[in-house]
Each structure stands twice: as structure tokens, then as C-alpha cells.
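Quick note, the sequences are listed as chains G and F, same order.
Under our numbering, think of the first position of the first sequence as 1, with each following residue one higher.
Under our numbering, think of the first position of the second sequence as 1001, with each following residue one higher.
Worth flagging that the hints you see were computed from the coordinates, not collected in a lab.
Each residue gets a CB set at the ideal place from its N, CA and C atoms; glycine is no exception.
Check the hints yourself; a few may be wrong.
As the list claims (entries may be wrong) - Derived SDA-like pairs: lysine to any residue, alpha-carbon spacing no greater than 25 angstroms straight-line: (1) G:Lys213 x F:Pro1037; (2) F:Lys1016 x G:Lys193; (3) G:Lys193 x F:Pro1037; (4) G:Lys193 x G:Pro151.
Stated by the list, open to error - Residues of chain G clear of chain F, computed beta-carbon distances all greater than 12 angstroms: (5) Thr38; (6) Pro85; (7) Leu93; (8) Gly108; (9) Pro112; (10) Arg120; (11) Thr144; (12) Thr148; (13) Pro162; (14) Ser163; (15) Thr171; (16) His191; (17) Leu211; (18) Lys213; (19) Glu215.
Said to hold, decoys possible - FRET-style restraints, in silico, Cβ to Cβ: (20) F:Ala1029 x G:Trp37: 36 to 42 angstroms; (21) F:Trp1038 x G:Thr209: 42 to 48 angstroms; (22) G:Gly219 x F:Val1027: 43 to 49 angstroms; (23) F:Ala1022 x G:Asp67: 36 to 42 angstroms; (24) F:His1008 x G:Ser50: 55 to 61 angstroms.
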Amino acid sequence: MTGGLVVLLFVVYELFVTDVLTDRRQDQLKDELRQGWTAEAEVPAVPRASILGDAFAVLHIPRLGADYEQVVLEGTAEEQLAQGPGHYEGTALPGEQGNVALAGHRVGKGSPFLDLDRLRPGDPIVIETADRWFVYRVLGDPATGDFTTDPSGIPGQQIVRPSDVQVISPTPNGAAEGPPSGAYLTLTTCHPKYSARQRLIIHAGLEGTGLTKTEMPDGPPALRES
Amino acid sequence: MYPWIWRHLPGGTATKAVTALALALGVCALLLFVVFPWMEPRLPFNDVTVGG
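Construct the entire structure; sequences and hints are all you get.
Right, dumping it as C-alpha cells:
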């Protein structure tokens, strides 16, 4: 009986307590980040994410809710992932050519990537940086909902083994050191839920270039699609 | 185990109940804030990255 109670308590911890802790940390990070952005007089054209553990961008996924906002931190160690989605070190920064790769928890720790499987081809994924909005769209054919028929040849969604690092290559599924064929965004999380046997991967491509916040203080129209 | 603890708690029924409750809460707090955070990174179902 005691063992059962401990296991039950652990489930409660994983599903609720870590959520509360992460949500609180996310709110704190959001305030700090927004204040920092306002305070900075000279905002660099390209966001910096070079310092491990730094919060540097906000991820918006309208399909998962108009209020879906997650502060992204640099690095994918548990220390960063316990606070929010993490940016794989060395991958492209938002807006750059290459692949912006982000990892996030599926269950627990705020479950930022719980519902990634609900994303459909063409769905916007918006990254907000100090001075810009970058709109990425899930690859695939929005008309048929088929992830595999994108002109780029890259699928919008795939399920891979944990060792398949080529999904975060500069060109997704290309060579690790190969030249990028465009500007991409890749999200990785565990699959199936409550397991770590596989990885659920979402690939998206940059739409146009970034929109400045002076042009669009309330964000791009893509934010209001859902 | 539980009857044994109950028998060894001092005082009357009311005191025992209060002490038992405090003990249970203490164990929960220890698990939630010390044991689980330590144990969690060592469990396999939290990996969300590729490669690592």
C-alpha cells in the first residue's frame, strides 16, 4: 500500500506540481523578457541566444490557443527544459537561414508541447523576438492535410527514433553540417505521451521575412488564425 | 507498519491523530520537494530531445 501511495504521489507531482512550478517560472520569465525588450534602446537585428539559460524569445501557436505563449530558453538540458521550451545550441536563430530547433516537454513541466500532434499543414507557429515577429508554417499540403507532400520534400510531421539527429540539421533530414536550403523551424518532443520511446517532430518553414514590431505592435495576422 | 506507528505515538487519540497527520504531511513534503526532483532526471520518460 505504501508503495502505491508513493507512486500515486509521484504521478500527482509529475502532472500537477511541476506544472505549477513551471507556469510560475514562465510568468516570471515573460515579465523579465518583456521588460528587457522595452528597456533596450538599441535592439540588435538578430536576436542573441548565445548565453546558455537565457530566455530570448516567445513562441506562439494559435492552433493550441489564442493565449498559447511559451518563453524559449537557450539550451536543451533539463535545467532549461524544466522552465520552458529550449533552443538546441548551435542551431539557427529565429529568422536565420537554417533550422531553428526547439525541444519541449510533452507531459509535465507545463506540458508546452503536449498537443503538437494537433498541428496541421499550414498552421502558423510564430516566434516573437525583441523587435520582430517571425511566422513559420507547418510544412505539408494545407488543402489535403497531408504532411508528406510539401514541395520542399520535408514532411511537416514525423515520428522518429531518439537517435535521429538529422531532423534538426540545417536542412531538416539533410546532412548535419550541410548548407541550409531555407529557413526552417523544428519542434521535438517525446512520443507517445508518457513515454520516451520515440520523438514527435514538427517541421515548419519561414513565411516571408520577419515583421517588425513597430509595424505590427499587436503581432502579425497569423496570430489570430485558429 | 501503520498500526505499529499508531501504537508508538504518545498521548491520547486526538494527540495521536494530529501527530500522525503532521508525520504524513512531512513525508509528502519530503517526497515532493526533495526525493522526486532528485529522482526525476534519472527516469527515462522525460527525454524530449534528439541525439542527447
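Hint by hint, which ones does this structure get wrong, listed from lowest number up?
Of the numbered hints, 1, 2, 4, 6, 8, 9, 13, 14, 16 do not hold.
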